[in-house]
Each structure stands twice: as structure tokens, then as C-alpha cells.
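> Numbering (numbering that gives the first Met the number 0), first residue to last: 0 to 149.
These aren't lab readings, by the way, just hints derived from the structure by calculation.
Yeah, the Cβ is synthetic: ideal placement off N, Cα and C, and Gly gets one too.
Hints may contain errors.
Okay, the calculated beta carbon distance ranges per label pair [to be verified]:
no.: 1; residue 1: Asn-116; residue 2: Glu-71; range: 25 to 31 Å
no.: 2; residue 1: Asn-14; residue 2: Phe-39; range: 18 to 24 Å
no.: 3; residue 1: Lys-33; residue 2: Lys-5; range: 27 to 33 Å
no.: 4; residue 1: Lys-35; residue 2: Lys-98; range: 32 to 38 Å
no.: 5; residue 1: Glu-111; residue 2: Leu-56; range: 35 to 41 Å
no.: 6; residue 1: Phe-39; residue 2: Tyr-121; range: 29 to 35 Å
no.: 7; residue 1: Tyr-89; residue 2: Ile-135; range: 22 to 28 Å
no.: 8; residue 1: Lys-43; residue 2: Ile-135; range: 24 to 30 Å
no.: 9; residue 1: His-72; residue 2: Tyr-124; range: 18 to 24 Å
no.: 10; residue 1: Leu-56; residue 2: Met-0; range: 34 to 40 Å
no.: 11; residue 1: Tyr-89; residue 2: Arg-13; range: 28 to 34 Å
no.: 12; residue 1: Gln-51; residue 2: Asp-20; range: 17 to 23 Å
no.: 13; residue 1: Thr-130; residue 2: Gln-22; range: 16 to 22 Å
no.: 14; residue 1: Pro-30; residue 2: Lys-82; range: 22 to 28 Å
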Amino acid sequence: MKIKIKTEVEGNYRNIAAGFDLQLFEYLVPPFTKVKIKEFTGSKKGDRVHVQFIFPLKTEWISAITEDGADEHEVFFVDEGIKLPPGLGYWKHRHVIQKGGLNTSLIIDDIEFKGSNRILDYLLYLPLWITFSMRIPMYKRYFKKFSENG
């Protein structure tokens, strides 16, 4: 299944892309979960993210950054699941930061996932869509402060 969420934020796309770091990752943790970030090496090919969920379900999620790139219109990186929570069978998340207007950028969360069976695909869709939709106001707030401070 696929989910695509687009968010317009203030700031140059290259500066916004540079803000995709551990501090942003910690900021984006949904309020209804408790996690421990065991590893976050960055957003470049070869980097890894390892999260231990403590609540509501004790499990781990490990993703590898499998691609990254940039040109005069966008910056992107792709994380793919290596070890996923129970019920999630496949995960590929393409993070795209596109050049927008004069001083705006478009953040695109382009997600492809599969549950461990077809029924789980449909059961996972709404909670995942809600979780990533919650990022819209979070991105706007975070990058507004980010652009004001530098």
C-alpha cells in the first residue's frame, strides 16, 4: 500500500534537507509512543536508524538508508526496513524535499508498506496515515523555528 503526505514549509530546500537530523527525528516521535533511539547515523546511503519502541508495544525497528541524492530541484533519501515490528512485512519511505516558491520547500513523505498479510495492509493504513499526517503541523513549526534561527 502507499501513503503520500505533502507539507509546505518555510525555507530553502537545501537548508531544510540539512535539518533532517537526529534532533528532527526525536521531535517527530508521535506523542502516544515511547521510544529509545539506539542508533541514528544520518540520512545518507549506508546510514542506519535503530529504534526500540517501549510503549504501546515493545519491539524494534531498524531501517537502512539505501539511496540519497540531490539536484537543483530536490534532495531525497530512502529508508528501507530491515527489522520491522510484528505485522509489518515491508517498508520503503522516500523522503523528498523539493524547491518550492521564493523561500518555501515541499516535504514529501512517500511511503510504501505491506503488512504480513492483505488484511493487515488495510488495518495498518489508517494508523500509519494518521501518524504521518501529524507531521504536517510538526514540520511547519520545526522548520519555522529552524529558519528563524539560521
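> Next step is simple, just say for each hint if it's right about the structure.
Consistency of the hints with the structure:
1. Asn-116 / Glu-71: 25 to 31 Å: At roughly 43 Å between Cβ atoms, Glu-71 and Asn-116 fall outside 25 to 31 Å, so the hint is violated.
2. Asn-14 / Phe-39: 18 to 24 Å: holds (20 Å)
3. Lys-33 / Lys-5: 27 to 33 Å: holds (29 Å)
4. Lys-35 / Lys-98: 32 to 38 Å: holds (35 Å)
5. Glu-111 / Leu-56: 35 to 41 Å: Violated, since Glu-111 and Leu-56 (Cβ atoms, about 22 Å apart) do not stay within the stated range.
6. Phe-39 / Tyr-121: 29 to 35 Å: holds (31 Å)
7. Tyr-89 / Ile-135: 22 to 28 Å: Holds, since Tyr-89 and Ile-135 (Cβ atoms, about 25 Å apart) stay within the stated range.
8. Lys-43 / Ile-135: 24 to 30 Å: Between Lys-43 and Ile-135, where Cβ atoms are some 25 Å apart, the hint holds.
9. His-72 / Tyr-124: 18 to 24 Å: Taking Cβ atoms as reference, His-72 and Tyr-124 lie about 30 Å apart, which means the hint is violated.
10. Leu-56 / Met-0: 34 to 40 Å: Violated: the Cβ-Cβ distance is about 20 Å, outside 34 to 40 Å.
11. Tyr-89 / Arg-13: 28 to 34 Å: holds (31 Å)
12. Gln-51 / Asp-20: 17 to 23 Å: Distance hint for Gln-51, Asp-20 holds at roughly 20 Å.
13. Thr-130 / Gln-22: 16 to 22 Å: 19 Å Cβ-Cβ, so the 16 to 22 Å window holds.
14. Pro-30 / Lys-82: 22 to 28 Å: holds (24 Å)
Checked against the numbered hints above, the structure violates hints 1, 5, 9 and 10; every other hint is satisfied.
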